[in-house]
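Chains as they are written, first to last, in the working numbering: chain X, 294 to 957; chain F, 294 to 957.
Quick caveat, the hints were computed from the structure, so don't treat them as lab data. It is possible that some hints are incorrect.
[Stated by the list, open to error] Residues of chain F placed beyond 10 Å of chain X at every Cβ, according to the derived structure:
| hint | residue |
| --- | --- |
| 1 | Arg303 |
| 2 | Pro681 |
| 3 | Thr949 |
[As the list claims (entries may be wrong)] Label-pair restraints from in silico Cβ distances:
| hint | chain 1 | residue 1 | chain 2 | residue 2 | range |
| --- | --- | --- | --- | --- | --- |
| 4 | F | Lys805 | X | Thr746 | 47 to 57 Å |
| 5 | X | Lys434 | F | Pro634 | 24 to 34 Å |
| 6 | X | Ala365 | F | Asp624 | 49 to 59 Å |
What you are looking at is a predicted structure, and each value in this text was computed from that prediction instead of being measured. Where is the CB? At the ideal position from N, CA and C, for every residue including glycine.
2 protein chains.
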Amino acid sequence: MISIGNGRNRVIIEGVEPEIDGGRFPIKRTLGEQVVVEADIFTDGHDAISCVVLYRKNSESQWSEHPMDFLANDRWRGEFAVTELGQYRYTLQAWIDHFKSWRQGLLKKLDAGQDVSVDLLTGADLIEEATQRAVGSDAKKLKERALSLRSAEEGSGRIQVATAGELSELMAKYPDKELTTMYDRELVVVVDRPKARFSAWYEIFPRSCAPGAGRHGTFQDCEARFSYIAAMGFDVLYFPPIHPIGQTHRRGKNNTSTVGPDDPGSPWAIGSADGGHKDVHPQLGNLKDFRRLVTKAKEHGLEIAIDLAFQCTPDHPYVKEHPEWFRWRPDRTVQYAENPPKKYEDIYPLNFETEKWQELWAELKEVVLFWIDQGVRIFRVDNPHTKPFNFWEWLIGGIKKDYPEVIFLAEAFTRPKVMYQLAKLGFTQSYTYFAWRNTKGELTQYFTELMQTNVREYFRPSLWPNTPDILTEYLQMGGRSAFMARLVLAATLGANYGIYGPAFELCDRRPKEFGSEEYLDSEKYEIKNWDITKPDSLRDFIARVNRIRRENPALQGDWSLCFHSIDNDQLICYSKRTEDCSNVIVVVVNLDPHHTQAGWVELGLSDLGINHEMPYQLHDLLSEARYLWHGHRNYVELNPQIVPAQIFRVRHKIRTERDFDYFM
Amino acid sequence: MISIGNGRNRVIIEGVEPEIDGGRFPIKRTLGEQVVVEADIFTDGHDAISCVVLYRKNSESQWSEHPMDFLANDRWRGEFAVTELGQYRYTLQAWIDHFKSWRQGLLKKLDAGQDVSVDLLTGADLIEEATQRAVGSDAKKLKERALSLRSAEEGSGRIQVATAGELSELMAKYPDKELTTMYDRELVVVVDRPKARFSAWYEIFPRSCAPGAGRHGTFQDCEARFSYIAAMGFDVLYFPPIHPIGQTHRRGKNNTSTVGPDDPGSPWAIGSADGGHKDVHPQLGNLKDFRRLVTKAKEHGLEIAIDLAFQCTPDHPYVKEHPEWFRWRPDRTVQYAENPPKKYEDIYPLNFETEKWQELWAELKEVVLFWIDQGVRIFRVDNPHTKPFNFWEWLIGGIKKDYPEVIFLAEAFTRPKVMYQLAKLGFTQSYTYFAWRNTKGELTQYFTELMQTNVREYFRPSLWPNTPDILTEYLQMGGRSAFMARLVLAATLGANYGIYGPAFELCDRRPKEFGSEEYLDSEKYEIKNWDITKPDSLRDFIARVNRIRRENPALQGDWSLCFHSIDNDQLICYSKRTEDCSNVIVVVVNLDPHHTQAGWVELGLSDLGINHEMPYQLHDLLSEARYLWHGHRNYVELNPQIVPAQIFRVRHKIRTERDFDYFM
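Just chain X, with the same shape it has in the complex:
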């Protein structure tokens, strides 16, 4: 029921977008982006209304405002820019604009040749009221206008004053907001740094970075690999966990339960006599080495991301120090991880239903703060969907309050609503189903959902063609061409993407067994010695793709993604563009790794800022070939044995006879 206080407020504000779950969750933007707000705003009867979007930094108490424009069908739109990291709030305000109503009526009556003498007096009253709200010279001007409207002289003078645009502008500065409707929710924007929107990740096991076989790599060995990684154009370097690895139930090569004395164990089996989540595995180095690595990485344009895997081995110090953080079985052993009938006896999950949950939460936050102290600002979070949603919302919210630049990537390969929930509650980026979306239909449907629905307001997809856990059947069967196609798809469909290397650039495609997505001789259980100098490595190809991404702003965001029709289901075509169409990229990928495929692409030219009547040039940034296109339907042909993709930049300027020296 209506509270009696606002009985005279007549404006309705509803259908606000963006708004996630009735304002329960924030939307996400990056520094410098616009927040475009739309709403249905209307009142009873015929009165005109005015409305503004109100916004402020969370830390400020004063709203700024920006007028909204009428679109159609009671829909209004306004916008504001976010220029600082952290949280902004926004809401809407609308009111009956009696002056605007009056002016519209006056103009119609004048058109109809009606007498408006009483109307002019009404207008004078409205202006005089505004005088009370106005300041300085504006107040004086308004007073003069009111006097003019009251002038007894008939004639065009009064009417010119009344209908002048200048008077409207002046009145708009001092609206009568006595009966204003405020939208009843304050909505939140989380503003991240640009890397949250645009990043290229490279995952590597530091222990495999030693020069020469048989040695355990160190942080220092990693540093020697920086120029190789930076030359490929990546800007985030992500390490699996770097903490001490447990001994109890340690897994051997290829995840066997028989383990030799030299088997290093899985980095995700965290905790040993050497320490836990705030310690470094001794064979990698020490904390000082780590801090130096972070600094050195920066010099190469690389930012170190570490893994937050909140789980323990039986050897983790927490087990003794905080037995209450684990679930105990009736036989007085700790409950290990299981997904019946599978058992993971090397892993003790933390029990978030413990009575001591507050202490547990506090400690896990301490872990994050510890690594922030070491210079880390990007965390890849392992299996966040097996810890409570409330916990993450609290943790990420708390960290970002003090460190708004921190990025959390959710590694949750699980059901869609769970993945979306994690994104809503705060994760900056999220892994996706990209690895398993291989056909045109699948890719089109999935990325339309991620990038063209309101999912994009909170879920920032990160596209990975492979990970240490995922060697897809498509890569297994498609070989080098498949690796190239998937790289181009990941890097151009997604502004955020990553690969697990050097397995990727070396096209490692040997599964543990037929039908498995596990790598044979997986790096998770052994130290590898990759030959990164192999001549058939994709390193140069990757470097070129990453350079194209850096040089073309169209590829640095996801929202402009648009799929285009092409009459061959093995070929996919899509575009991305900057808002002003000054940079337009059209990508064509042959999804068939075996055969040459050809077809006719249909572009929506006006959306891409292309003139229907003029030829235009498509410049393939991968091959440097240039094609002359005309109209909306054009031919493409791709041989996967050469390059299975083209990344075209649309170039409007074509040389014609007018460029010729002798032409006039």
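Fit chain F to the supplied structure of chain X, relying on the hints for placement.
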């Protein structure tokens, strides 16, 4: 941010349907209907969850609960019935079900032949905890089960007890709700009487009911018309305003400004020296006459609906008694209604922005209560979109609190969002754009939006082929066939519909001028003397259509509406059905009033409960003709010069040789 209290609650409830604007507005149901509630409900990790829908009458403090079932993709569904008029509340509750998780794990381990001795002890612990929550013999039974599971003897006995369905059922009765997630909103259902969902309205000007020309009809004359109206099968009889009519600026015949002494004026020009909104126009009778009319109508199965038109003529007593309820112009006259350049000097709108708005609201509520006292329970509200939304929400909410059986029909022919807002805030039924939806594409799109999207949760459409203000071009040009087609469409697309008679059944189709939707010699400005005995009247046709509506429950609701493909754009086909398909109605209408049209209908047989492999009979309830159909594609042909529509009842039972006496 999360409040610290619920840190251990791990279940998320979101995406609840039905829910209007984040719970801001109630959904609507009628007595005895089900409320089916769905939501996305999930938790982290692999634990099983259980959830219930909670519901209660608004007046009760105790929740009832009903378990929800898992559908797919983290979606759950539950339902409850509403069995009393007024408001119900509902919400959802969900929790981790440790026993269910345990049982699922146990079964998988048993399948895999694993040792479960420790698991049985864990189960015994869970059962023992439930013992504390259980009562009476259940507690005893649970204690026994726990003991059995602890039994040292190996063997199938323990396992049978542990996995028995009986134990699951027992445990489900006493769930551990310590860490329960309550959905954070209580949602409201407004429960109306069945007539809110299913009604046939007849609009008539009482003053035109006198026998013989030139006389002003009275309430008593109306009573003489009841059997005629009831015989046509209507159940709501709606009168335009019955109050005293103003003299000042009274409009003459055909809405001219020249008015003769016998011109009765428009009934919507309310208020004269004889009184205002709580008075009866003296020529109709007095209050006692009115009350008798209401009673007599009931005897004919008719319920009287009156018009709430909250506006005044300059002669209305309010103008003198409450000058503060009107807007005053600088020349000290009252602001009349205008929509520049049009002026309506006979109408003074009430000024809802008055400082005295509380007194104004109170008085208007008194008007409604006054007519409730006279026995009225249905109000057709004139132009509600020109009065504040807040006012209606307060008024309707307040009235329905004490009189939940009252029905308010919103006559707002305005922009869609305004119409929807009025429905959301409380109007029971709403006029629609039906009059202007004449082609197959228009009808399909509009009624899909109204009846197959969440609009139906709050907006109950009322379909009127004509009103005193609306004589559509379709009726003007199409003649008798168009009237029949539009009647069938209104009465079968809409469970709620109405006509303005006798203009409708007499097929009055003379516009005031070409291009106008006003009637020539409109009844709004003069007393008519209709010849209701004309042999070409549609009264019998209307009577038959209304009887079909009463006899077929499929037509008594809107939610089952389904359009079917037909390969001729002049033919439209749709069906309605009861939930169990015991009553299935298929309607075909020829939208071309001039030519015979034929085509092939395609029905989705399984949705209609029709066997693909058996013939079925289509019984045209209008003509009594019967057709033998088979499969999903069948032929129809309609001659508009005979009847432009068929209302088929699907009959499954076809006589075959098996019905023959000599057959076995």
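How the hints compare with the structure:
At roughly 5 Å from the closest C-beta of chain X, the C-beta of Arg303 (chain F) falls inside 10 Å, breaking its exclusion from the interface. Remark: the non-interface label on Pro681 (chain F) conflicts with the geometry, its nearest Cβ contact in chain X lying 5 Å away (cut-off 10 Å). Here Thr949 (chain F) stays apart from chain X, with its beta-carbon at least about 46 Å from theirs, past the 10 Å limit. Between Lys805 (chain F) and Thr746 (chain X) the C-beta distance comes to about 49 Å, which sits within the given range of 47 to 57 Å.
Remark: the range hint 24 to 34 Å for Lys434 (chain X) to Pro634 (chain F) is upheld by a beta-carbon distance near 30 Å. Taking the beta carbon of each, Ala365 (chain X) and Asp624 (chain F) are about 37 Å apart, not inside 49 to 59 Å as hinted.
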